[in-house]
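> Letter by letter, the chains look like this.
Number of protein chains: 4
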Amino acid sequence: MKTFENLESEVRSYSRGWPTVFEKSKGYKLWDTDGKEYVDFFAGAGTLNYGHNNDAMQEKLIEYIKNDGVIHSLDMATIPRQDFLERFNEVILKPRNLDYKIMFPGPTGTNTVESALKIARKITGRETVISFTNAFHGMTIGSLSVTGNSFKRHGAGIPLHHAVSMPFDNYVEDHDSIAYLDRFLEDSGSGVALPAAIILETVQGEGGINAARMEWLKKVEELCRRWDILLIVDDVQAGNGRTGTFFSFEPAEIKPDVVCLSKSIGGIGLPMAITLIKSEYDQWGPGEHNGTFRGNNMAFIAATEALKNWENDEFAHAIQEKGAFLKSEINRLIDQYPELNGEAKGRGLMQGISIDKEGLAEDICAEAFHRGLIVETSGPDDEVVKFLPPLIIDQEGLEKGLKILEDSIKHVLKQ
Amino acid sequence: MKTFENLESEVRSYSRGWPTVFEKSKGYKLWDTDGKEYVDFFAGAGTLNYGHNNDAMQEKLIEYIKNDGVIHSLDMATIPRQDFLERFNEVILKPRNLDYKIMFPGPTGTNTVESALKIARKITGRETVISFTNAFHGMTIGSLSVTGNSFKRHGAGIPLHHAVSMPFDNYVEDHDSIAYLDRFLEDSGSGVALPAAIILETVQGEGGINAARMEWLKKVEELCRRWDILLIVDDVQAGNGRTGTFFSFEPAEIKPDVVCLSKSIGGIGLPMAITLIKSEYDQWGPGEHNGTFRGNNMAFIAATEALKNWENDEFAHAIQEKGAFLKSEINRLIDQYPELNGEAKGRGLMQGISIDKEGLAEDICAEAFHRGLIVETSGPDDEVVKFLPPLIIDQEGLEKGLKILEDSIKHVLKQ
Amino acid sequence: MKTFENLESEVRSYSRGWPTVFEKSKGYKLWDTDGKEYVDFFAGAGTLNYGHNNDAMQEKLIEYIKNDGVIHSLDMATIPRQDFLERFNEVILKPRNLDYKIMFPGPTGTNTVESALKIARKITGRETVISFTNAFHGMTIGSLSVTGNSFKRHGAGIPLHHAVSMPFDNYVEDHDSIAYLDRFLEDSGSGVALPAAIILETVQGEGGINAARMEWLKKVEELCRRWDILLIVDDVQAGNGRTGTFFSFEPAEIKPDVVCLSKSIGGIGLPMAITLIKSEYDQWGPGEHNGTFRGNNMAFIAATEALKNWENDEFAHAIQEKGAFLKSEINRLIDQYPELNGEAKGRGLMQGISIDKEGLAEDICAEAFHRGLIVETSGPDDEVVKFLPPLIIDQEGLEKGLKILEDSIKHVLKQ
Amino acid sequence: MKTFENLESEVRSYSRGWPTVFEKSKGYKLWDTDGKEYVDFFAGAGTLNYGHNNDAMQEKLIEYIKNDGVIHSLDMATIPRQDFLERFNEVILKPRNLDYKIMFPGPTGTNTVESALKIARKITGRETVISFTNAFHGMTIGSLSVTGNSFKRHGAGIPLHHAVSMPFDNYVEDHDSIAYLDRFLEDSGSGVALPAAIILETVQGEGGINAARMEWLKKVEELCRRWDILLIVDDVQAGNGRTGTFFSFEPAEIKPDVVCLSKSIGGIGLPMAITLIKSEYDQWGPGEHNGTFRGNNMAFIAATEALKNWENDEFAHAIQEKGAFLKSEINRLIDQYPELNGEAKGRGLMQGISIDKEGLAEDICAEAFHRGLIVETSGPDDEVVKFLPPLIIDQEGLEKGLKILEDSIKHVLKQ
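Residue numbers (the working numbering), protein chains in the order written: chain A, 137 to 551; chain B, 137 to 551; chain C, 137 to 551; chain D, 137 to 551.
Warning: the hint list may mix true and false statements.
To be verified - The calculated DMTMM-like cross-link candidates involving lysine to aspartate or glutamate, where the alpha carbons are at most 20 Å apart (straight line), are: (1) 288(A) / 263(B); (2) 288(C) / 418(D); (3) 354(A) / 318(A); (4) 202(C) / 322(D); (5) 138(D) / 322(C); (6) 202(B) / 322(A); (7) 138(C) / 492(D); (8) 493(B) / 322(D); (9) 138(D) / 146(C); (10) 414(B) / 222(A); (11) 391(C) / 364(C); (12) 196(A) / 449(B); (13) 202(B) / 168(A); (14) 288(A) / 323(C); (15) 444(C) / 168(C); (16) 493(D) / 323(B); (17) 160(D) / 219(C); (18) 550(D) / 492(D); (19) 414(C) / 146(D); (20) 493(C) / 322(A); (21) 196(C) / 191(D); (22) 288(C) / 191(D); (23) 196(D) / 191(C); (24) 493(D) / 503(D); (25) 463(B) / 447(B); (26) 288(B) / 263(D); (27) 536(B) / 492(B); (28) 196(B) / 235(A); (29) 202(C) / 146(D); (30) 202(D) / 222(C); (31) 138(B) / 222(A); (32) 414(A) / 235(A); (33) 196(D) / 195(C); (34) 414(D) / 146(C); (35) 196(C) / 159(D); (36) 162(A) / 323(B); (37) 288(B) / 322(D); (38) 258(B) / 146(A).
It should be emphasised that the hints constitute simulated quantities derived from the structure, not laboratory data.
Source: prediction; values computed, not measured.
Here chain A stands alone, though its shape is the one from the complex (with noise of 0.2 Å):
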């Protein structure tokens, strides 16, 4: 690890978590140079949903390779980047009746984002945008400024604006945040203007595993209805099949105005994002919004290869089962060691515990990879132990997983 120390720059986190160097992987497991084998409950922070190292992606990626196809093509026309616009209509749009243009907003989370402020603020021309409580959106200012985490927007150095928090479903022990939401909107003397959008993660994976109820989801969807207000989901860490459908927001019924998606869009783990906007609201003007790596081919040809996981349900109902395990399983261990005071969190395989006890969380995580489960917290104290495996995972690696966990949390316990 010293060259990690003694050259990158302090900035570096994970490392310091997981002091190891990684080496191969394939499937739901990652070893190190040691030979050592992780159970991963992490998935690249949700960028590894099909799983590391997909044959038929690595023989996709190989094969254009060998053919000198185009690596990189900002927003040129190539193949994988039609092969990709035409399955993603076929298997995405189509069957679920959504008329969105698809937009290439350059390769990561925080540029789709800012993809989806601008053309909301353009649309409506209005400047301001509704986040919530704990939302997590990105690292650049745009993305920035509608995060909740206050040692990430403190580190702006500058002040966010255009940007207002509201409190997130269930964010206030029995108060209603729709009727806040609500009061503020129609006082016109509640000194928040009306919005351009309203951007959301259906659960909030870095602000806590927080998961909103389908009726909020719709209630808020109403609101914006209402107001005539675009409805942005960022389901960038919730979708791609996340927490048991495609779009984490299908249950709720809802058809958000702009969809941003990236980590497991790229289906093996390569950069990329795409931004989903009603065709009616694509007014942009050629170039407005732009970027160099809007055209990474070896993304689109893995991320069109994972698109036949969704041809059919089968995909879909599999993580509805495993995440109906898997909460059974918490609410076991939650029962088990009430020292822990947990609280269950959380849908389809994006769930967590929340411990209430200062530093219990990452102390079980820590001992966990010792063990050989990697497996991270979240939430705005590092409250939650956050699982987030591979959806390809099967019974024996989410068992294996749980078991090194409960070993952690007994052995955490202990101390």
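Since the structure of chain A is provided, determine the placement of chains B, C and D on it from the hints.
Showing chains B, C and D alone in chain A's frame:
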């Protein structure tokens, strides 16, 4: 092209100017699906300095995929990351006596710029950043704030703050822009606060291939030292050998406090960016700036391979020679076609012809495309024909491209 | 009225609602050029608490003018300034055990608020200020940022920043606004930065005569103490005895860090404002906030005379008694005219009836004007008939005014 | 002075430099409580152009008070307001062929500036305002944003936005500031958005008595017309005859779109301000900008009386002659005392000597105070001795003041 028109957002731009589907590429050439060959004077907007599909890089990538190497790793430690850090230090930093820590800020140019602005603001506790007229630093709100182009700025949909635009070298005829900058800094009544940083491109790529004089760069550095301002060089487009040395600022003998690299740093066109920060200023907290795709291992592999070009001076000399040839050809064209009212711009293999007649530069580039040359315009009014061939282009390639260009000029002038 | 229509800007407002030329005034009465008499339930928007043209003040002013006293003096030392400082300290601060330094920030309400915001930001080094829904603090950009009204905010023509609007007491039915505020402050992921200050009116005059409960004020002060936030009370309209004590916050037994006074502080209606700052926070540099008209000596003279009312408790008791009478009358009207859907608002001699039917409150005030009563509406939808009689009004005056009001209600309801 | 030190805020400034208690004043003289006489070369910072305690104004005020005239009336119609509107139109606007609507924005300079910025932003729908180096427009956040002084800007405690500072006439030696401004406006890549307005003082009072050339003012107006930008002249200090004509911009033959007046507009030193807006731009909604003290009737009375000075050219001519005398005396002093490295500044009765030696100007003013002359410094480094005598001063007064000044110079230089 129907697919792109029907399914992709209106924001697409290059596929409009070059309306064909590209399939293969090698060295300085591209082929579309009809098998038509194109000479590349664009290099993926400066991302393909080492040419398309370099054989050695292809082999390394295929080998890595075949071995199930970790593709995506955020800032976890991996072998490709380690190799890159060590080689970059050995080949680039040490020989130039540069004491920088290496930060991976997310794999795009705008990400490295956003991180540079953040650290400068953190270090100094100040908010304002001085940028220059016709600067281009990126499209997310932080980077866009220090970008000059009004169409792109307007796209933000919000006012852009914390930045002051000062005249670049030679901005106003017969006016010394340093005198102006100096006066604003020394006068406590100027209305311009002492800035955290001055950010600049030594050659403004998007802004019209405006090359600052070395003397001007030295003076800017002197001002920074006198007033304790950080100097950030955005070498995203001009770096990686584009102007004839690895960093574009080397001939000026300055040592920026922060350097932004992206585009060609990834070797073969894969998304990657790094931010170089003087050790003493590397005062980040862990994770204070982050991003999902900081660990694009395939890019690290190609990047490390690319560094081989810098182990001795041959590559640099070759670029300089090609640059001199290009300069002489540009001057010849300007002389031969006085109707262009042409002006030679830029240095190294980052040159252009500014054409003082509305729409003419665009017409020439459109005609060149039909004749098999990929070349684009730049500048606030798209008035510059911009030559950005891959650095590995040979004499034959340069001549071929210039021949097409000259034919295009003739053709367009005839009309 | 032709002169005003032809020569004065469209921005004029009161002369539209009360379209007559006023000539004389005394006590609680005004007369127009036709000799028509009006009972004043408006008191110059709270500026004439001591009534029109108080005899003693008139005498003092005339004497001062006759003696060639210095009229205008910025913050030079003059006798009227000295007298005011000493009497204000003796009569107001000392008996209430308040250790404030007195600042003259320019002679308007918005000026004292701007100075309060500045000193709070300087002391804490923070930028955000929390204000409340339906707050009104002034029309210059700093004060407007903490004002709720959307029409007035929109008039800025620029986005208003560095302020967060939180729910005032009883803002959302059955929701505890303190719980909400508390949650946003304690959660580091809330998206709301620790503020420099919380600014509030104990009774919101322009916002609809919303009176906070004493218990709520106490809790806000506790939050401020816990989080080391400065508490600013804007007592411009509610202070100077309006609610029955000199400062409106006295019954809550809180000690704000900064208090803003203007309007009636000048005694007879002459422009004046002061900012009271806890000694420990009086860390201004000389001239760090200034303004030309900080030395309006005529206002100081009337102000000093006005302080005589506070040398014992009689004046306060009288206000409280009149307030109680007014409250009972308001309740009677609400009972007697159920068509109003009336709700009693406010306390002391700052009360109102909120009327839940669009336009009705305005119609009543218009009718009252024709019948000889000056009374205006307030609230985000002009839904409150607002009673702000001079504090020196006698029982006869109150009854006379209320009689006209009741007649106006009857008349309007009949239509 | 104990009272002021013990009870008044540390923000006080003039009472530090002139530590005595002033009691009486008449014409161009003041007396303190010890009976010491002072010649006034300060005129209440330009507020007492008509001298202290003008007899006619005193009489009018006393008469009004005795008649129980309405003192305070917001923007209700009153006789003094009507008289002022009519006389201002007759005496000032009509003869100069100016078609302005008159707005009462609140009785301070910063209030008129804030209203000017608002209307310019409303009319154009743009946000940025261009101001100039060393401008001073006021201390509330809107006005402060267009003010140059860094100490005062820093006092805001927040970043100041929506303003771009451009070089005033003669700001950088041998550089044409119009060329800069022009280049930034015409270049769509300059990073400076098309502004709503350009705001300027024709002579910068606080900024160092910098007088723009008439030719420069004309060119600024031309730029405004070409780009459809509103031109705002802040004539708060330089207006009301200070430079020899009622408006300071008359000799330039320009017609600003908005003019800000305050200070001496109130005649005798009472708080008052007006904003003049070209009829076509008077598009305010009623009450869109307001303020409690818009109806200071005593000020209107003195203001109307003051207008008598402008019914013919005598007053203007007299000012011009006194200005010429002052200029010759300043030049004599500069010649006679080369140790000052003096430079003559300003025009009319708004002149100064810039002294190029740190602290010397302040020492001279301090000595002058002891010898009976009230004169202050201005400029970013307090380097200018600023002469601002009442316009009604006679030859004897001017000579008396200049004699004290010269003695003070001699005394200070001797040390």
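> All hints, please: hold or fail.
Verification of the supplied hints:
1. 288(A) / 263(B): 16 Å, holds
2. 288(C) / 418(D): 17 Å, holds
3. 354(A) / 318(A): Between residue 354(A) and residue 318(A) the Cα gap is close to 13 Å, so the pair holds against 20 Å.
4. 202(C) / 322(D): Violated, at roughly 59 Å.
5. 138(D) / 322(C): Measuring from Cα to Cα gives roughly 44 Å; hence the hint is violated.
6. 202(B) / 322(A): 59 Å, violated
7. 138(C) / 492(D): Violated. Residue 138(C) to residue 492(D) sits at ~55 Å, over the 20 Å cutoff.
8. 493(B) / 322(D): 16 Å, holds
9. 138(D) / 146(C): The given pair, whose Cα atoms are some 48 Å apart, is violated under the 20 Å limit.
10. 414(B) / 222(A): 47 Å, violated
11. 391(C) / 364(C): Roughly 14 Å separates the two Cα atoms, so the pair holds.
12. 196(A) / 449(B): 38 Å, violated
13. 202(B) / 168(A): At roughly 17 Å apart (the allowed maximum being 20 Å), residue 168(A) and residue 202(B) satisfy the hint.
14. 288(A) / 323(C): The hint holds at about 14 Å.
15. 444(C) / 168(C): 30 Å, violated
16. 493(D) / 323(B): 16 Å, holds
17. 160(D) / 219(C): Status holds; Cα separation ~15 Å.
18. 550(D) / 492(D): Holds: residue 550(D) and residue 492(D) sit about 17 Å apart, inside 20 Å.
19. 414(C) / 146(D): 12 Å, holds
20. 493(C) / 322(A): 16 Å, holds
21. 196(C) / 191(D): 18 Å, holds
22. 288(C) / 191(D): With a Cα-Cα distance of about 41 Å, the restraint between residue 288(C) and residue 191(D) is violated, given a limit of 20 Å.
23. 196(D) / 191(C): 18 Å, holds
24. 493(D) / 503(D): 16 Å, holds
25. 463(B) / 447(B): Violated - the C-alpha atoms of residue 447(B) and residue 463(B) are around 26 Å apart, more than 20 Å.
26. 288(B) / 263(D): 17 Å, holds
27. 536(B) / 492(B): Violated, because 25 Å separates the two Cα atoms, which is more than 20 Å.
28. 196(B) / 235(A): Violated, at about 41 Å.
29. 202(C) / 146(D): Roughly 33 Å separates the two Cα atoms, so the pair is violated.
30. 202(D) / 222(C): 28 Å, violated
31. 138(B) / 222(A): It holds: about 11 Å lies between the C-alpha atoms, which stays within 20 Å.
32. 414(A) / 235(A): 6 Å, holds
33. 196(D) / 195(C): Holds, at about 15 Å.
34. 414(D) / 146(C): 12 Å, holds
35. 196(C) / 159(D): 15 Å, holds
36. 162(A) / 323(B): Between residue 162(A) and residue 323(B) the Cα gap is close to 62 Å, so the pair fails against 20 Å, i.e. violated.
37. 288(B) / 322(D): 16 Å, holds
38. 258(B) / 146(A): Satisfied, since the Cα-Cα distance of roughly 14 Å is no more than 20 Å.
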